Each structure stands twice: as C-alpha cells, then as structure tokens.
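**Q** Go ahead and model the full structure; you've got the sequences and the hints to work with.
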Amino acid sequence: MKRMAVAALMLALPFAAFAQQWKVDFAHSALTFTGTYQGERFEGRFKRFDAKIDYDPAQLASAKFDVTIDIASVDTANAERDQALPGKDFFDIAQFPRAHFVTTRFRKAANGEVVASGTLSLRGVAQPVTLAVKFSQAGNGATLDVDTTLKRLDFGIGSGDWADTSMIGNDVAVHGHLTLTR
Amino acid sequence: MPLRNTDTRWGGVAQTFHWLIAILILAQGAIGLTMVDLGMTPTKVKVFALHKSIGLTVLALALLRLAWRLTQRVPRDPPMPRWQHIAARVSHVLLYVLILALPLSGWLFNSAANFPLEWFGVVHVPSLTQGLDPTLKTWSLRAHVVLFWILIGALTVHVAAALWHHFVRRDDVLLRMLPDEGRKSRTGVLR
Ligand code: HEM
Ligand code: HEM
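These protein sequence lines are chains A and B, in that order.
One rule links them: number in the numbering used here = place in the first sequence (from 1) + 552.
One rule links them: number in the numbering used here = place in the second sequence (from 1) + 640.
Any given hint could be a false lead.
Okay, the calculated beta carbon distance ranges per label pair [to be verified]:
1. A:Asp706 <-> B:Pro819: 54 to 60 Å
2. B:Val762 <-> A:Ser688: 41 to 47 Å
3. B:Val763 <-> A:Ala624: 34 to 40 Å
4. A:Arg593 <-> B:Val786: 49 to 55 Å
5. B:Pro682 <-> A:Asp706: 16 to 22 Å
6. B:His764 <-> A:Ser625: 56 to 62 Å
7. A:Ala636 <-> B:Trp779: 20 to 26 Å
8. B:Ala670 <-> A:Tyr589: 43 to 49 Å
Stretch-level coverage of chain B by chain A, calculated; a stretch enters the list once three of its residues show a Cβ under 8 Å from a Cβ in chain A [said to hold, decoys possible]:
9. 677-683
10. 730-742
11. 758-771
For the record, the hints were derived by calculation from the structure and aren't laboratory data.
Since this is a predicted model, take the numbers as computed values, not measurements.
Every residue gets a Cβ at the ideal spot worked out from N, C-alpha and C, and that includes glycine.
**A** Given below as structure tokens:
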C-alpha cells in the first residue's frame, strides 16, 4: 500500500511540476488592507505571512494558493490602534494567532479575469472568499496581485460594542502583492 | 451694547468671543482630563472626537477673534501703576498665544499619531504631518499637556486680576467685559 502511494506520488510529480511552484520574495511582497475608521480610510498590513504559490495561467486546474498569516504582525501605523487590534474585541490573537487561506478552485471569468475561490479561516470562522487574480510573468520572475473585499463582522472582528459600522466600516479591502521567483 | 469696542468698553463681538472661548476652553480641559482615563470603548473614541472638534472650533474662533481685535480700538486702561499696564498686556498676549498654541499642539499630536480628524464628523481636517511621526508624537503631546497647565496658571492670575479690579479697586474693568444693560458704571466712564 505504502509502495503504491509512493509510486502514485512519483507519477503525479511531473504533473504537479506543471503547476509551477514559485518562491515568494517576501522583501518585495506585501499583504495590505484598507478599512475605514471614523469615516476615514486607513491602511494596514501584515508584516509576516507565508505563502505557497503554485500557479501557471495555462494550468488553472492545478493552481493552488496556501497562505498563512501571522495576525500579531498587524501594523496600521497608529500605536493605539495596533495595541487594540490583537485584543479580544478584535483579532483575539491569544486564541487565534493565525489566519489561513487556501484555494479550492480557479476559473476564468467571462471577461477573461481569473477568479480564485477558497476558504479563509480567520478568528475561528471559516468563510468562502473569492480573489481576483492578476498574474504577470517576466522571464524567471512574476508578480501576483490578488484582491478581495471582506466583511469584518462576518469574522466577528470588532463585535459587541465595536460592531457599529458608522465608526468602523464593515468592508475591508484586502490586497496581496507578491513578487515571485523560481 | 454696541458691537464695536469703544474707548471705555468692549463691544458685543469682543465679549462674545471672550466668553464663548472661555467656556469652550474650560469644557475642553474638563473633557481632556477625563477622557484620557476612559477604558478603550467606542465611548472613548467618541469623546476624543468631541474634544478634537471643540478644540478645532476654539482654534477657528481664536483666529477670528484676533482678526477682529486688530480692526478695533481697545478700551483704555483705568489709571494704575505702570507695571500693572505691562502685566495686563503681557498676560493678555500670553493668553492669546495659548488659545492658539493649545489646539494647534493637539492637532499636531493627532496628526503625528496618525489618528483620524473629522470636525464633528462632517468636515475632514487634513493632517499636519505625513502620517505617523513617533518623535513628534511624543513632543507634541508633552507640549499639549504643558501648555494646558500654563494656561491654567495664566488663567488663575487673569481671573484673580479681574476680581481684584472689581472687588478691591472697584473700577470698571470687569464690568466693561460684561453685557451692560441695566448695569452702572462705577466711575461714570462706561460707554
Ligand atoms: C480660558 C479662559 C479665558 C481666556 C483665554 C481669556 C482671555 C482674555 C484675553 C486674551 C483678554 C484680553 C482681550 C484683549 O486685549 O483683546 C481678556 C480680557 C479680559 N478677561 Fe479674560 N479670558 C478668560 C477667562 C476669563 C474669566 C473667567 C474672567 C473673569 C472672571 C475674565 C475676565 C476678563 C476681563 C475683565 C477682561 C478685560 C480686561 C480689560 O478690559 O483690559 N476672563 N481675556
Ligand atoms: C482648546 C483647546 C484644547 C484644550 C484646552 C485641550 C486640553 C486637553 C487636556 C487637558 C488633555 C489631557 C491631557 C492629559 O492629561 O493627558 C488633552 C488631551 C488630548 N487632546 Fe486636547 N485640548 C485642546 C485642543 C485639542 C485639539 C484641537 C486636539 C486635536 C485635534 C486635541 C487632541 C487631544 C488628544 C488626542 C488628547 C489625548 C492625548 C493622550 O492620548 O494622552 N486637543 N487635551
């Protein structure tokens, strides 16, 4: 049985290689988000995250993104806010130190844009999420830009007293920019 | 009461500015000192926003007040020793500086800390810095607090002087900063 599994793996490997595994150049990559607070937009980012990117625009069936985010690395350029965000009312990192996103399916929309569907687990809530995917390859490198908009309340971020969306907007636009190398 | 100042009294505009700003500043001090001890709740955020909005209002009123002041004659001081004329000038200049510098330092702190700033939630007020500036943040907060206590000190002298004029010297200095209808000048020179 074990031998068969190994054999199957060896058979599958050359195909898996088609999906093109990329290395992420984290120094030139960023996972950012834009929210609203008291009627003003603010930018934040997660300074530490890990991403496994298998992607070939010609082989969408075998593409896969698997991203783990270290929530404690959140930075919104405001000390008071950054102190509040890891707390129980918001990300609650004591219980949920990491968020995880993994794709389930890629497809090409009618307008030619690639859309990835996946599941985001954040603060103990797993929700389906779709990403707009833009990929451009140049020589041995590539850049990958993904966008989506999440609703913070879907994940219980800032619930209770902080649920008031006139103070903290519900929509949070998330943007990932990855510089990839082979 | 005339709107403009005369040689003997402050006009309605100057008085309105003076008392409105006085009330707002005292409210600001009370709000400021209380709000910093609130727990991190939406209420705290709202009270902070109120403090900033009132503070910016004071700044705008202070600028308008100064502009008006420059177009006006100023009531003559009652006869008094030279040092008291000087002390009055100096303390009034200091008070003008403080009612401008105090809200400005708050605005600067708010900018350096990268907090939002919406005047009563309706008008966006631009930041004075390019986002976060930790050094400036520390110093502008110190300035905000120190300026506040300097204001309290100056105000104590200011109020004491006003009361001294009124109750000890029994001249018109306080009366001429008050609406006068039905009130009598003590020296016969008001209006
Ligand atoms: C935050 C509070 C206050 C500020 C910032 C303030 C500021 C000032 C300033 C700058 C002047 C000079 C006006 C000018 O030359 O254009 C003035 C005049 C005056 N203030 Fe105040 N004041 C405050 C509170 C008070 C209070 C509580 C009293 C009374 C008890 C008072 C009584 C007077 C009087 C009587 C004058 C007229 C002085 C004169 O005719 O020469 N002020 N105030
Ligand atoms: C008339 C003007 C103002 C007065 C009398 C005033 C007074 C005060 C006082 C007494 C405090 C408490 C300081 C402490 O003990 O820690 C304070 C804090 C504060 N003020 Fe003002 N303020 C004024 C205007 C402003 C303006 C215009 C802004 C912003 C646009 C502002 C922003 C703040 C902030 C953010 C704090 C909290 C500082 C902290 O987090 O410790 N203030 N103010």
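**Q** Against this structure, judge whether each hint is valid.
**A** Hint check results:
1. A:Asp706 <-> B:Pro819: 54 to 60 Å: Holds, at about 58 Å.
2. B:Val762 <-> A:Ser688: 41 to 47 Å: Distance hint for Val762 (chain B), Ser688 (chain A) holds at roughly 42 Å.
3. B:Val763 <-> A:Ala624: 34 to 40 Å: holds, 36 Å
4. A:Arg593 <-> B:Val786: 49 to 55 Å: violated, 33 Å
5. B:Pro682 <-> A:Asp706: 16 to 22 Å: The hinted range 16 to 22 Å holds for Pro682 (chain B) and Asp706 (chain A), with Cβ atoms some 20 Å apart.
6. B:His764 <-> A:Ser625: 56 to 62 Å: violated, 30 Å
7. A:Ala636 <-> B:Trp779: 20 to 26 Å: holds, 24 Å
8. B:Ala670 <-> A:Tyr589: 43 to 49 Å: violated, 26 Å
9. 677-683: This one holds; 3 residues, not fewer than the three required, reach chain A with a Cβ under 8 Å.
10. 730-742: With 0 residues closer than 8 Å to chain A, the region 730-742 of chain B misses the three-residue bar; violated.
11. 758-771: holds (count 4)
When each numbered hint is compared with the structure, violations occur for hints 4, 6, 8, 10.
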